[in-house]
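Given the structure of chain U, go ahead and fit chain R onto it with the hints provided.
There are 2 protein chains.
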Amino acid sequence: MKIIILKENLNNGLNIVYRVAGRNLTLPILNNILIVAEQNFLNLSSTDLELGIKYWALGKVEKEGSLTVPAKILSSFVGLLPEKKIALEVKNQTLYLDCENNQTQIKGLDAQDYPIIPKIEDENFIELNMLPFCEGLAQVVDFTAPNQVRPELSGVYLNFQKDRVQITATDSFRLAEKTLYFEKKISRECSFILPQKTARELVNIFSEKDGQLKLYLSLNQVLFECPMLETPHPQIQIISRLIEGDYPDYQSIIPKKYEVQIALPKNEFLNQIKTASIFSGKNNEVKIKVNPKKEEIEILSQNPELGENKSVLTGKISEASNKTKEIATIFNYRFLIDGLANIKSSTVLFEVNGEEGPAVLRPEGDAHYLYVVMPIKTT
Amino acid sequence: MKIIILKENLNNGLNIVYRVAGRNLTLPILNNILIVAEQNFLNLSSTDLELGIKYWALGKVEKEGSLTVPAKILSSFVGLLPEKKIALEVKNQTLYLDCENNQTQIKGLDAQDYPIIPKIEDENFIELNMLPFCEGLAQVVDFTAPNQVRPELSGVYLNFQKDRVQITATDSFRLAEKTLYFEKKISRECSFILPQKTARELVNIFSEKDGQLKLYLSLNQVLFECPMLETPHPQIQIISRLIEGDYPDYQSIIPKKYEVQIALPKNEFLNQIKTASIFSGKNNEVKIKVNPKKEEIEILSQNPELGENKSVLTGKISEASNKTKEIATIFNYRFLIDGLANIKSSTVLFEVNGEEGPAVLRPEGDAHYLYVVMPIKTT
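So the sequences go chain by chain: U and R. Residue 226 in the numbering used here sits at position 226 of the first sequence; the count goes up by one each step and never skips. Residue 348 in the numbering used here sits at position 348 of the second sequence; the count goes up by one each step and never skips.
These are calculated hints, taken from the structure and not from any lab test. Hints may contain errors.
One copy or two, it doesn't matter: identical chains are merged, so the pair holds either way.
[As the list claims (entries may be wrong)] Below, simulated SDA-like cross-link-like pairs (lysine to any residue); rule was C-alpha separation at most 20 Å, straight line:
no., residue 1, residue 2
1, K310, S76
2, K2, T94
3, K310, E296
4, K72, R334
5, K85, N43
Only chain U is shown next, with the shape it has when bound in the complex (with noise of 0.2 Å):
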């Protein structure tokens, strides 16, 4: 194998595959990246055996071949070097790099005894507008469960519908729906349960991205392409197999109305529930008294052996809410901060049902998003 390359490109796409190449101590070869030059690519991958990731890197292939190396070595090395180009050649299962006034070697390993990475072979796929979709999964990546009780659970679920995909998490005690609209309608419905990891690299990989995304998807796996640039050839692949299981029919958990709606300033919400976190007891507990008539919350939280935090937010009543009494839930208050920092707008929209049903918070002006937390029983 021999190939010259711009150190960015290579480095491009060093940044992306290195990300799931891991320290997996019974099986070292999953540590390096698989390196291989055919045609006009220099083509970089590297997986995990649950989650797989391809980049092409436009070279001049001298001579076409193949190695894997260690990705952390190869990953750290070509980040430092200066801003030229960059000859590649293996020889003797060894990577030889000449940069300017650095050469180097690099041990690597037979590219054979690397674990084939899966292909979908279907040829239909769902187009997806990439900056939108990694926000949407942004907004509920983080609230799966953390863990293996419930597999199904411990994944993103999508929802594809004719004309809108549901990206929905939850862990039982707070839910988090995104809703995407597409412009035209797709060909196909279809749901599964993405792995949080994979997820979690959509939004690493493409979420300053902009540009389409195609989505293949097999019985068992998912396959997310993204072309490069004015070109039909693929730039990155990320292949993921999927969750089996039913994802639960959460809409039920979702609440269809509410007693009493109020309209807050985000940002102090936020504060005072962070400020009032500070006297919270053992189980995270702040309490909030929604009060109709004032268009005022109370946040409270108690701690014998530290003190007592009192703070009020005024808001605005919703028309539909039940004005006649003072409604008071106690919130884990780590589940509301991490609602608040995914609602966009500066206002948010607080929805209580009584001291035990769950509350929802929405963005103001946007029905696409919501949030929904339980309260902690008091009993």
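Same frame as chain U, but now just chain R:
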């Protein structure tokens, strides 16, 4: 106690005294900040028994008094309050804070139980320009010895002579010395060893400020005082114990001449050492060959498991160099990186003295800083 104070004033003070209040399990009151309202000030203090900080914040005292309150709670809480007036009041060893729509109680401990932070009664002081003094400390403070085998090396040595102060630290593998010259001669020559923690706090607290710092010295303590803007009243006092013992006669370690001196572009040199470090072995060794005839250096590293790296950097050999032979010296790359990070000029002078003699890094055109580094012995 009752006082009205601007959030900003209180917050600025807490951000400074908060740093010393730690997690002390044997003496829990040391986790608290002492607050005292007297005259026109709220005085905030903290100490870990080796280092004490006092801060005076202007406020409107309605009733004098004092209390100690948990540092972490108070400072995180005040940081979140809006930029308004805060009313502080002490009742039943509890601090009541009232700020706009926010009412809080923080439980405290009796001010009588707080350790007394010592004073220095001497009226003589040395006046220092805060900014260069802290910059100088910052350039050496990381190089004290970490362990307690030789306590005198665990601190920063300050040697005040008539027209200058030398600030020095060494861990016996490398040594950094900064010299600051005074505009007017000081009345009193003195020298002492400052604990590394105190030096770090001085850098943290004063390094972005401009102004004068007064230094008062007693037998085993030192006091740094910064006055309040346009008043003689102190704003900040830092009082620290000194490290006992005699600092070694380090001047004999600093080479008085060199075999070869080469002027190198600093950033490229730093980058190439980082590149070489990826392939260094267990002892972090990289080899530097200085070739006076070619006016260049070669940086080499190799690791039997990973691979190897070689890079070349062109420089300028000084006239006084021995130009007959190549010198190859092996260094711990971390020590070179640390030294270069404290060279502020774009060109660094690199001086070598054979395979086993100490090497020196100096900023070009600045005789006031030097960094001596010992090679790794090859035998």
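Consistency of the hints with the structure:
In this assembly of identical chains, K310 and S76 lie within 20 Å of each other by CA distance solely across copies; the values are 16 Å between and 50 Å within a copy. In this homomeric assembly, K2 and T94 come within 20 Å of each other (Cα to Cα) only inside a single copy, at 12 Å, whereas the closest approach across copies is 74 Å. For a Cα distance limit of 20 Å, the shortest separation of K310 from E296 inside one copy, 13 Å, qualifies, whereas the shortest one across copies, 69 Å, does not. Taking the shortest Cα distances, K72 and R334 sit within 20 Å of each other only across copies (19 Å), while inside one copy they are farther apart (35 Å).
Within a single copy, K85 and N43 get their C-alpha atoms as close as 17 Å, which meets the 20 Å cut-off; across copies the closest is 61 Å, which misses it.
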